[in-house]
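Number of protein chains: 2
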Amino acid sequence: MASTTNPLYASLSAKPSLPKPNNNSSSDLFVRVQNVNAVSLRSSFVSRTTAVELIGGGNSVLSATRMGSRSMICASSAQVVDQSPSKTDSKVPTIVEVDLGSRSYPIYIGSGLLDQPELLQRHVHGKRVLVVTNNTIAPLYLDKVVDALTRGNPNVSVDSVILPDGEKYKDMDTLMKVFDKAIESRLDRRSTFVALGGGVIGDMCGYAAASFLRGVNFIQIPTTVMAQVDSSVGGKTGINHRLGKNLIGAFYQPQCVLIDTDTLNTLPDRELASGLAEVIKYGLIRDAEFFEWQEKNLKSLLARDPSALAYAIKRSCENKAEVVSLDEKESGLRATLNLGHTFGHAIETGFGYGQWLHGEAVAAGMVMAVDLSYRLGWIDDSIVKRVHQILREAKLPTAPPETMTVEMFKSVMAVDKKVADGLLRLILLKGPLGNCVFTGEYDKKALDETLHAFCKS
Amino acid sequence: MASTTNPLYASLSAKPSLPKPNNNSSSDLFVRVQNVNAVSLRSSFVSRTTAVELIGGGNSVLSATRMGSRSMICASSAQVVDQSPSKTDSKVPTIVEVDLGSRSYPIYIGSGLLDQPELLQRHVHGKRVLVVTNNTIAPLYLDKVVDALTRGNPNVSVDSVILPDGEKYKDMDTLMKVFDKAIESRLDRRSTFVALGGGVIGDMCGYAAASFLRGVNFIQIPTTVMAQVDSSVGGKTGINHRLGKNLIGAFYQPQCVLIDTDTLNTLPDRELASGLAEVIKYGLIRDAEFFEWQEKNLKSLLARDPSALAYAIKRSCENKAEVVSLDEKESGLRATLNLGHTFGHAIETGFGYGQWLHGEAVAAGMVMAVDLSYRLGWIDDSIVKRVHQILREAKLPTAPPETMTVEMFKSVMAVDKKVADGLLRLILLKGPLGNCVFTGEYDKKALDETLHAFCKS
Numbered sequence: 001m002a003s004t005t006n007p008l009y010a011s012l013s014a015k016p017s018l019p020k021p022n023n024n025s026s027s028d029l030f031v032r033v034q035n036v037n038a039v040s041l042r043s044s045f046v047s048r049t050t051a052v053e054l055i056g057g058g059n060s061v062l063s064a065t066r067m068g069s070r071s072m073i074c075a076s077s078a079q080v081v082d083q084s085p086s087k088t089d090s091k092v093p094t095i096v097e098v099d100l101g102s103r104s105y106p107i108y109i110g111s112g113l114l115d116q117p118e119l120l121q122r123h124v125h126g127k128r129v130l131v132v133t134n135n136t137i138a139p140l141y142l143d144k145v146v147d148a149l150t151r152g153n154p155n156v157s158v159d160s161v162i163l164p165d166g167e168k169y170k171d172m173d174t175l176m177k178v179f180d181k182a183i184e185s186r187l188d189r190r191s192t193f194v195a196l197g198g199g200v201i202g203d204m205c206g207y208a209a210a211s212f213l214r215g216v217n218f219i220q221i222p223t224t225v226m227a228q229v230d231s232s233v234g235g236k237t238g239i240n241h242r243l244g245k246n247l248i249g250a251f252y253q254p255q256c257v258l259i260d261t262d263t264l265n266t267l268p269d270r271e272l273a274s275g276l277a278e279v280i281k282y283g284l285i286r287d288a289e290f291f292e293w294q295e296k297n298l299k300s301l302l303a304r305d306p307s308a309l310a311y312a313i314k315r316s317c318e319n320k321a322e323v324v325s326l327d328e329k330e331s332g333l334r335a336t337l338n339l340g341h342t343f344g345h346a347i348e349t350g351f352g353y354g355q356w357l358h359g360e361a362v363a364a365g366m367v368m369a370v371d372l373s374y375r376l377g378w379i380d381d382s383i384v385k386r387v388h389q390i391l392r393e394a395k396l397p398t399a400p401p402e403t404m405t406v407e408m409f410k411s412v413m414a415v416d417k418k419v420a421d422g423l424l425r426l427i428l429l430k431g432p433l434g435n436c437v438f439t440g441e442y443d444k445k446a447l448d449e450t451l452h453a454f455c456k457s
Numbered sequence: 001m002a003s004t005t006n007p008l009y010a011s012l013s014a015k016p017s018l019p020k021p022n023n024n025s026s027s028d029l030f031v032r033v034q035n036v037n038a039v040s041l042r043s044s045f046v047s048r049t050t051a052v053e054l055i056g057g058g059n060s061v062l063s064a065t066r067m068g069s070r071s072m073i074c075a076s077s078a079q080v081v082d083q084s085p086s087k088t089d090s091k092v093p094t095i096v097e098v099d100l101g102s103r104s105y106p107i108y109i110g111s112g113l114l115d116q117p118e119l120l121q122r123h124v125h126g127k128r129v130l131v132v133t134n135n136t137i138a139p140l141y142l143d144k145v146v147d148a149l150t151r152g153n154p155n156v157s158v159d160s161v162i163l164p165d166g167e168k169y170k171d172m173d174t175l176m177k178v179f180d181k182a183i184e185s186r187l188d189r190r191s192t193f194v195a196l197g198g199g200v201i202g203d204m205c206g207y208a209a210a211s212f213l214r215g216v217n218f219i220q221i222p223t224t225v226m227a228q229v230d231s232s233v234g235g236k237t238g239i240n241h242r243l244g245k246n247l248i249g250a251f252y253q254p255q256c257v258l259i260d261t262d263t264l265n266t267l268p269d270r271e272l273a274s275g276l277a278e279v280i281k282y283g284l285i286r287d288a289e290f291f292e293w294q295e296k297n298l299k300s301l302l303a304r305d306p307s308a309l310a311y312a313i314k315r316s317c318e319n320k321a322e323v324v325s326l327d328e329k330e331s332g333l334r335a336t337l338n339l340g341h342t343f344g345h346a347i348e349t350g351f352g353y354g355q356w357l358h359g360e361a362v363a364a365g366m367v368m369a370v371d372l373s374y375r376l377g378w379i380d381d382s383i384v385k386r387v388h389q390i391l392r393e394a395k396l397p398t399a400p401p402e403t404m405t406v407e408m409f410k411s412v413m414a415v416d417k418k419v420a421d422g423l424l425r426l427i428l429l430k431g432p433l434g435n436c437v438f439t440g441e442y443d444k445k446a447l448d449e450t451l452h453a454f455c456k457s
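Quick note, the sequences are listed as chains V and A, same order.
Take the first sequence: its position 163, counted from the start at 1, is 163 in the UniProt record's numbering, and no numbers get skipped.
Take the second sequence: its position 98, counted from the start at 1, is 98 in the UniProt record's numbering, and no numbers get skipped.
FYI, nobody ran anything at the bench for these hints, they're computed from the structure.
Here the structure is a predicted model, which is why all the values come from computation and not from measurement.
Ideal placement from N, C-alpha and C gives every residue a C-beta, glycine not left out.
Some hints here could point you the wrong way.
Calculated lysine-lysine pairs in the PhoX-like style (CA-CA distance at most 25 Å, straight line) [to be verified]:
(1) A:Lys444 <-> V:Lys127
(2) A:Lys410 <-> V:Lys329
(3) V:Lys177 <-> A:Lys444
(4) A:Lys329 <-> V:Lys127
(5) A:Lys168 <-> V:Lys181
(6) A:Lys177 <-> V:Lys410
(7) A:Lys444 <-> V:Lys168
(8) A:Lys181 <-> V:Lys181
(9) A:Lys127 <-> V:Lys410
(10) V:Lys181 <-> A:Lys410
(11) A:Lys329 <-> V:Lys329
(12) A:Lys177 <-> V:Lys168
(13) A:Lys177 <-> V:Lys177
Beyond 10 Å from chain V on every Cβ pair, some chain A residues (computed) [stated by the list, open to error]:
(14) Gly332
(15) Phe438
(16) Phe454
Chain A is nowhere near these chain V residues, computed Cβ spacing over 12 Å in every case [what the hints assert, rightly or not]:
(17) His123
(18) Asn155
(19) Lys168
(20) His241
(21) Val384
(22) Glu449
(23) Ser457
Model the full structure from these sequences, guided by the hints.
Below is the structure:
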C-alpha cells in the first residue's frame with residue numbers, strides 16, 4: 001500500500017512517453033512500470049491506462065497515471081518529504097482526473113486542502129459564488145470555505161444557503177430554497193455553486209447548478225466518506241420523489257472535486273461505516289486486489305488512520321473515474337457501480353428516507369445481490385462468506401430491516417431507473433472475486449427466493 | 001414566395017456536390033443555385049450553408065439545403081404535384097434539420113402530418129410514451145396523437161397528463177404532476193415524452209424529459225405559431241420562478257419536432273398574432289428579405305392563408321435552426337434571438353404571468369429595444385417606423401401596459417439570464433435592417449430614457 005500522508009505532485013505532458021530513470025537525484029529514484037490498478041489488466045481498458053511508479057528507498061513514492069490524453073504524477077511518501085525539507089508542504093494534493101473530454105475535471109485529495117485558496121479559486125467562474133450546505137456542516141466548515149474562496153480575491157462575493165440535514169430533505173421543496181436564494185442573490189450565468197457537505201448536498205447542489213439559468217458552474221467539496229468515494233464524482237445529480245430515490249435529476253459534471261480528508265475528523269462513526277460500504281463495493285465489482293487490501297486494513301479504516309483513509313479514497317476515486325470516463329451516461333458499464341443499490345433503494349424508500357443511511361441500505365442490498373448471485377450458481381460460497389465478514393467487521397447491516405416485505409421490495413424495484421421496457425436489470429457478481437455483470441437475464445424465481453429469504457412476509 | 005402547401009422531399013447524400021440539372025423529367029425541373037436565406041450571404045455563415053433550388057414551370061418547387069454535414073431537399077409546389085398525380089400525397093412534410101452533431105434532429109412541417117403514424121413512430125424510443133398536454137388542446141388533438149403513436153404499433157402503450165392551460169401554470173408544482181404521472185405509469189429510461197401544445201407545454205415537457213431519470217427522449221408537437229416558429233426548436237426548456245421567467249431549466253434537444261399546420265385552424269386570433277411577433281423578430285435581427293416579405297404578406301398571415309403560414313414557419317425554423325446549430329448553449333449569437341425579450345420578460349413578470357401573451361410582451365419589448373437602438377444612434381428612424389407599422393398591423397402592442405413602472409422593469413431585468421457579472425447585456429438593432437448586436441456596451445442613460453419614455457412612473 002502506498003502511503004498518501006504527505007503527497008506532492010507535478011504535471012507531465014500529455015505524451016505517453018515515460019519519465020526516464022534518474023539515479024542521480026538525492027532521493028535515488030528509479031522507475032518501475034506497473035499498472036496502478038489491478039483491474040486495468042483484467043479489463044479491456046488496459047490500453048487506456050498506463051502507469052509508472054517511481055520507487056525511492058524501497059517505498060513507493062511517485063506514480064504517474066495516464067488516462068486518455070491527460071497525464072499526471074502523484075507522489076505519496078513521507079520519505080521524499082524527509083529528504084527534501086524545502087518541499088514539506090503537507091497540503092499538496094493527490095490528483096485523480098475524470099477524463100470526459102471538454103468536461104474533464106480533477107479530484108484533489110489531501111489533508112488541509114481547504115487552507116489552500118488557490119486550489120478552489122482557480123475553478124471559480126465569475127464573481128459570485130453560492131455555497132450550498134446544511135445545518136450540520138455549516139458551523140464546522142462554512143467559514144473556512146468562504147475564506148478559501150475570498151482570501152486575496154476581493155472581487156468575489158459569496159452567499160450561502162443552509163438546508164436542513166438529511167436524506168428526507170432531498171426533495172423539490174428544499175431544492176426550491178436553493179433557487180430562491182440564487183435568484184434573491186442575483187446570481188447570473190457566470191456564477192459558481194459550491195456543494196459543501198455529504199451526498200445529499202452534493203446531489204441537490206449539482207442538480208440546482210444544472211437547472212439554474214439552464215446551467216451554471218459548480219464545485220464539489222464532499223465532507224463524508226460516502227460523498228468523497230462515490231457521490232461527488234461522476235456528475236450524477238438529483239433529488240428524490242416520494243415514490244423513489246433520485247428519480248429527478250441530471251448528468252452534470254463539476255469543475256472540480258476537492259476532498260479535504262481533514263473534514264472526516266468530524267464525521268460520526270455511523271457515517272464513516274456507511275461510506276465504507278461503497279469502498280467495499282468497488283472491490284467486489286472490479287478490483288479484487290483492493291478488496292483484499294480492505295480485508296487487511298479494515299481496522300485501520302475504522303480507526304481513521306489518515307493514510308489508510310486517503311488510500312481508500314484515492315483508489316475508490318480512481319475506480320469511479322475510470323468507469324465514468326468510459327460510460328458517462330450509464331449506457332451499461334456505469335450501472336455496475338450500483339451493486340446492491342436496487343435492493344438498497346427499495347429499503348430507503350420502503351423504510352422511509354433517512355431511517356437508514358444510504359451505505360447501510362447498500363450494504364444490506366449487496367448481501368442480497370450476493371445471495372442472488374450465489375443462488376444462480378454464478379459465484380462460490382467463499383465470496384458470500386467474505387462479504388458477510390467484511391460488512392460485519394465494518395458494523396454494517398447484512399440484512400434489510402425486519403419491517404421490509406417482499407411486496408415493498410417489488411413495488412419500489414419496479415420503478416428503478418435500471419428497468420428497461422419493463423425488465424428489471426440487476427448488477428450481480430459472476431466469476432472470481434472482482435467480476436460482475438449488469439443483466440436482465442437471470443432466473444426470476446431465484447430473485448423471488450432471495451426476497452423471501454430476507455423478508456418475513 | 002415559395003408555395004408550401006403540397007410539399008415532397010427526398011434525402012441527399014452528405015456530399016456538398018449539387019444535384020445535376022435534369023431536363024428530361026416529366027415535370028421539366030431545372031436547377032438554380034441560390035441562397036436559401038439572404039442572411040447567409042451577409043453573415044459569416046456563408047460557407048456553412050449552400051442551397052439549390054429546382055424550378056418547375058416557373059415556380060419554386062424544390063430546394064436543397066446543406067447545413068454542416070447534412071443535406072436534404074425540400075419540395076414545395078402544387079405544380080409538381082399536379083404533374084405527378086402518383087405523388088399527390090398532401091402530407092409529405094417539408095424538413096428543416098437542426099444540425100447539432102449527435103443530437104441533430106428534423107423539424108417536419110406540413111399539413112396533415114398527424115395522420116402519418118410512421119413520422120412520429122420512427123422517433124419513439126422504447127415501448128412507453130407519456131403525452132404531456134393541457135386542457136385546451138387535449139379535447140382537440142390528444143386522441144389524434146395517441147392514434148398516430150399506436151396505429152399499427154400494438155407494442156407501444158401511451159399515457160397522458162393534462163395540465164391546466166396558461167403561462168401562470170409553468171411552475172414547479174405543475175411540473176411535479178408530470179413526474180408523478182411518469183412514475184405512477186412506471187415509465188423507464190427508454191420511454192418517450194411527447195409535448196402536445198404551445199410553448200408552455202413544450203418548455204415544461206422538455207424540462208421534465210431532461211430531468212426524469214436524468215433524461216429520457218422527447219418529441220415536440222407544437223400547436224401554436226409561437227411554439228412552431230420558436231419555442232419548440234432549439235432545446236431550451238424550463239419553468240418560471242415567481243421572481244422571473246425561465247430561470248429554472250435545461251438545454252435539452254428533442255428527437256424531432258412535428259409541426260402539423262392544420263393544428264393552427266383552432267388557434268385563437270390573439271395567439272396567432274402573438275406567434276407572429278417572433279416571426280417579425282427573425283426579420284429584424286437577421287433576415288431583412290424575410291421582413292420585407294412579411295410586410296407584403298401580413299394580411300395573408302392574419303387571414304391564415306395556409307401557404308403563407310407554412311412559408312413563415314419554414315423560414316423562421318430555418319433561421320432558428322441555423323442560429324442554434326452555431327451556438328447551442330447561448331454563448332453569444334443565440335442570445336440575439338431574444339430581441340425584445342428582456343423588456344418583454346419584465347412585462348410578463350411585473351404585470352403577472354398570463355395577463356399578456358408572450359408574443360404580446362415581446363412585441364412591446366421589441367419596440368422598446370428599437371427605441372433604445374434609435375436613441376443610441378445605431379439605426380435610422382425608417383426602421384423605427386416600419387417596426388411600429390408591422391406590429392400595429394398585426395394587432396400587437398407597441399408599448400408596455402400602463403401599470404408598468406421604471407422600477408418594475410429594472411428589478412426584473414436585474415435577474416435576467418443575460419446579466420453577466422452584474423452587467424445587463426441587451427440585443428439591439430445596429431446598422432441596416434436585419435442587423436443586430438448583443439452587448440453590454442451601451443449608454444446606460446439612453447436605457448433610462450427609453451424606460452421613462454414608456455412608463456408613466
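Taking the hints in turn, this is what the structure says about them:
1. A:Lys444 <-> V:Lys127: holds (22 Å)
2. A:Lys410 <-> V:Lys329: violated (41 Å)
3. V:Lys177 <-> A:Lys444: violated (33 Å)
4. A:Lys329 <-> V:Lys127: Distance ~20 Å between A:Lys329 and V:Lys127 Cα, so the pair holds.
5. A:Lys168 <-> V:Lys181: Given that 25 Å is the threshold and the Cα spacing comes to 21 Å, the pair holds.
6. A:Lys177 <-> V:Lys410: Distance ~24 Å between A:Lys177 and V:Lys410 Cα, so the pair holds.
7. A:Lys444 <-> V:Lys168: violated (47 Å)
8. A:Lys181 <-> V:Lys181: violated (29 Å)
9. A:Lys127 <-> V:Lys410: holds (21 Å)
10. V:Lys181 <-> A:Lys410: holds (19 Å)
11. A:Lys329 <-> V:Lys329: holds (19 Å)
12. A:Lys177 <-> V:Lys168: holds (20 Å)
13. A:Lys177 <-> V:Lys177: holds (20 Å)
14. Gly332: holds (12 Å)
15. Phe438: A:Phe438 clear of chain V: closest Cβ-Cβ about 13 Å, beyond 10 Å.
16. Phe454: Since the minimum Cβ distance to chain V is about 24 Å, A:Phe454 lies beyond 10 Å and the statement holds.
17. His123: holds (17 Å)
18. Asn155: The assertion about V:Asn155 is violated, with a minimum of 9 Å to chain A.
19. Lys168: Answer for V:Lys168: holds, closest chain A Cβ roughly 17 Å.
20. His241: Check fails; 6 Å does not lie beyond 12 Å.
21. Val384: Non-interface label on V:Val384 holds, nearest chain A Cβ at 30 Å vs cutoff 12 Å.
22. Glu449: holds (24 Å)
23. Ser457: For V:Ser457, whose nearest Cβ neighbour in chain A is about 24 Å away, the distance exceeds 12 Å, so it holds.
Of the numbered hints stated above, those contradicted by the structure are hints 2, 3, 7, 8, 18 and 20, listed in ascending order.
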